[in-house]
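Undergrad: Read off the chains here:
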Amino acid sequence: MDCVVTGGNVKVLAKAIHSLSRIGDELYVEPQEDGLSLRSVNSSRSAYACFLFAPLFFSRYTIPSGHTFRCKMAIKSVQAVFRSLASLEKTVEKCDIVLDEQKNRLTFTLHCKHGLLKTHNLSFQDSESLQAVFDKDSYANVFRSHPRLLVDTVVHFPPSLEEVTVSVSDERMWVRNHVEEEDQSKAMLTELCLASDEFDHFAVRIHNSVTFCLKELRGLLVFAESTGLPISMYFDEPGSPVVLSVTDSVLEGNFVLATLSDDPNHRKNNSRRALTPPPPADDFMNDDIDSYLIAMDTSMAPGPSATGPPTPPLADSTCSKQPAAANNRTRLHSEEEEEEDDTADSSKPPNKKFCSLFFGSVIPPSPQMSTQPVTNQEVLASDSEDDV
Amino acid sequence: MKLLLILSPGVVTTISKLTKMCVLRLTPDNLFFVLSGKVANGGVSMWCELSQANFFDEYQMEGVSSEDNEICLEVTPENLSRALKTVQNAKTVKVKLTKKHCPCLTIAAELPTMSSINRVVTHDVPVDVIPRRLWHEFKEPNMPDFDVSIYLPPLKTIKNVVDRMKNLSNFLVMEANLNGEMNLKIETDLVSVTTHFKDLGNPPWGDDASQDGGPSQSRDPEAMAQARVDIRKLQQFLVGQQVNPSKAMCNIVHERVVHLILLHEDVSLQYFIPAVA
Numbered sequence: 001m002d003c004v005v006t007g008g009n010v011k012v013l014a015k016a017i018h019s020l021s022r023i024g025d026e027l028y029v030e031p032q033e034d035g036l037s038l039r040s041v042n043s044s045r046s047a048y049a050c051f052l053f054a055p056l057f058f059s060r061y062t063i064p065s066g067h068t069f070r071c072k073m074a075i076k077s078v079q080a081v082f083r084s085l086a087s088l089e090k091t092v093e094k095c096d097i098v099l100d101e102q103k104n105r106l107t108f109t110l111h112c113k114h115g116l117l118k119t120h121n122l123s124f125q126d127s128e129s130l131q132a133v134f135d136k137d138s139y140a141n142v143f144r145s146h147p148r149l150l151v152d153t154v155v156h157f158p159p160s161l162e163e164v165t166v167s168v169s170d171e172r173m174w175v176r177n178h179v180e181e182e183d184q185s186k187a188m189l190t191e192l193c194l195a196s197d198e199f200d201h202f203a204v205r206i207h208n209s210v211t212f213c214l215k216e217l218r219g220l221l222v223f224a225e226s227t228g229l230p231i232s233m234y235f236d237e238p239g240s241p242v243v244l245s246v247t248d249s250v251l252e253g254n255f256v257l258a259t260l261s262d263d264p265n266h267r268k269n270n271s272r273r274a275l276t277p278p279p280p281a282d283d284f285m286n287d288d289i290d291s292y293l294i295a296m297d298t299s300m301a302p303g304p305s306a307t308g309p310p311t312p313p314l315a316d317s318t319c320s321k322q323p324a325a326a327n328n329r330t331r332l333h334s335e336e337e338e339e340e341d342d343t344a345d346s347s348k349p350p351n352k353k354f355c356s357l358f359f360g361s362v363i364p365p366s367p368q369m370s371t372q373p374v375t376n377q378e379v380l381a382s383d384s385e386d387d388v
Numbered sequence: 001m002k003l004l005l006i007l008s009p010g011v012v013t014t015i016s017k018l019t020k021m022c023v024l025r026l027t028p029d030n031l032f033f034v035l036s037g038k039v040a041n042g043g044v045s046m047w048c049e050l051s052q053a054n055f056f057d058e059y060q061m062e063g064v065s066s067e068d069n070e071i072c073l074e075v076t077p078e079n080l081s082r083a084l085k086t087v088q089n090a091k092t093v094k095v096k097l098t099k100k101h102c103p104c105l106t107i108a109a110e111l112p113t114m115s116s117i118n119r120v121v122t123h124d125v126p127v128d129v130i131p132r133r134l135w136h137e138f139k140e141p142n143m144p145d146f147d148v149s150i151y152l153p154p155l156k157t158i159k160n161v162v163d164r165m166k167n168l169s170n171f172l173v174m175e176a177n178l179n180g181e182m183n184l185k186i187e188t189d190l191v192s193v194t195t196h197f198k199d200l201g202n203p204p205w206g207d208d209a210s211q212d213g214g215p216s217q218s219r220d221p222e223a224m225a226q227a228r229v230d231i232r233k234l235q236q237f238l239v240g241q242q243v244n245p246s247k248a249m250c251n252i253v254h255e256r257v258v259h260l261i262l263l264h265e266d267v268s269l270q271y272f273i274p275a276v277a
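One line per chain: the protein sequences are A and B, in this order.
Mapping the first sequence onto full-length UniProt numbering, position 116 (from 1) lands on 116, and the numbers just tick up by one.
Mapping the second sequence onto full-length UniProt numbering, position 32 (from 1) lands on 32, and the numbers just tick up by one.
Worth double-checking, as some hints may not be accurate.
To give an idea of the chain A side of the interface with chain B (calculated C-beta under 10 Å), a few residues [to be verified]:
1. LYS76
2. SER77
3. LEU149
4. ASP152
5. ALA187
Taking CB as the label site, the calculated pair distances span [claimed, not checked]:
6. GLN79(A) with SER115(B): 51 to 61 Å
7. GLU180(A) with ALA53(B): 37 to 47 Å
8. SER167(A) with LYS99(B): 21 to 31 Å
Hint data in this document are derived by calculation from the structure and do not stem from the laboratory.
By construction, the Cβ of each residue, glycine as well, lies at the ideal position given by its N, Cα and C atoms.
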């Protein structure tokens, strides 16, 4: 892999890494045919973020030929490369990202003014592909606005606030701080009402409200505000994730945040709605057995790279260092099961094996995951404590 | 009880630095933020008076009865301050006493937007309504019969001195005389530090002083009255000062209490720090 980023794009890349650092502790790097993908997921798997920088974003973009390369590394060390955003803009002219497969190093070289070179050699770990399963296009409610609107909205909430609730009607959006019921008598409640014409796009099919973590939204705002890209927000019922995305001709960013599923009768709504239009990924979401609400596809060949070389050689080369080559086959098998499951009735309980395989390579299967907590998953685990 | 008012954040922010909880007392003409000297808050008490006419375009209130036309609420100034800060650029701000999930001061603001419809933000700050039988705890404290009254040097200067002294000691001695001199001292086993201020001037407390005849005329102008106070209490007071007052004064009752008075155009703030042995 050899990528060269020049000019203002260095700052864009830096901002993306900074906003990913609000999500999790590790950065997943995957050079793909359609661009460089940078991803992160939080420890409780309730938030996932992905940036895809198209080849055109770079002045040079070459990826390892013949096999897929994926790795993960501590996001802090990557952040350190782009530590000072202010000086970055003034001094850095070019950034090279080069993979040295012999030494297992990812090298970031910053070409600064006056011929100064800053080289960071970062070690990495092999990793599986990290891919959240979501289909934002099937979502009922879609909004788009300039980031300023959301920045002006979140400013009303204290930095310590963990979750906000967003409710919509045909004409309005309300943003409230979410308060646990037992704290309600003491807590200060803040509500902001936005009119639909403050948005560039405001499409509501279902009047409902979702509750999600504010911290990750703030992370995206850091990126969106500096690039000035409009933010799109997609959401559906409580319990299915909210997707926030920014898109440009050369980059795409998606933040997928779990929402609280509050009410048992939403479950009913879920299945009823899911059956009417048949969006496969949505069905998958409804059946999600993961207690943290975002389905993570950790299988070998997620959507984008599936268009690349055929699967078997691809899988072989990636896993050559891992002793569990047999695992490979089962994982591929799990994909088939996914497809089966997509077509299956959404109210049917999912295969437990399917679940643990899906997560097997990333986190150890826990008893909690093999149960089906969809209806009683009251709280998305907020990981703010870990990160602050 | 009815209440509708419109408020600026500066004062409340100042108060939020001084105390976690305080009492907001409302009368037809004034608002008071009151902290009564309880052991729990280190014996510090505070009395802040705002004239409603200077803050509100519209002010409606109706107390418990026509004789006791007052409302007494326990509030968290920090919440109030945060709410008021986020609505600083608002076109209008309304503060109302409401009954929601609990009694609340509801702060509603219309924010300027490009849209034809206003962006509206509301903050519900929970309050406790204080029953009338407890009101007597929140009356204006009497002006202490002080030994020395003196104008303070700029608060920022004092703050710089106190911040540094705090690293050395937990207690600070404030002393002043009628000759316009004030000293801030710390004394520890290892070090003694004194900062001297002079030519500060002594306020002329005439007949309008609440005590009999002001500092006694016979007092030796050079004689210092002093009080040893918890340095954190003084620091808290200094941190909170966001605006320079038009007048800042300090009254010292020898070895009893330090009484600080700040006069802004439309606000007065009194702060009492008890002396410790």
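Undergrad: Evaluate each hint against the coordinates.
TA: The hints, checked one at a time:
1. LYS76: violated (31 Å)
2. SER77: Status violated, d = 36 Å.
3. LEU149: It holds, given that the least Cβ distance between LEU149(A) and chain B is near 9 Å, below 10 Å.
4. ASP152: holds (8 Å)
5. ALA187: holds (7 Å)
6. GLN79(A) with SER115(B): 51 to 61 Å: With a Cβ separation near 37 Å, GLN79(A) and SER115(B) fall outside 51 to 61 Å, so the hint is violated.
7. GLU180(A) with ALA53(B): 37 to 47 Å: The hint (37 to 47 Å, Cβ to Cβ) holds, given that GLU180(A) and ALA53(B) are roughly 41 Å apart.
8. SER167(A) with LYS99(B): 21 to 31 Å: holds (22 Å)
Checked against the numbered hints listed earlier, the structure breaks hints 1, 2 and 6; every other hint is satisfied.
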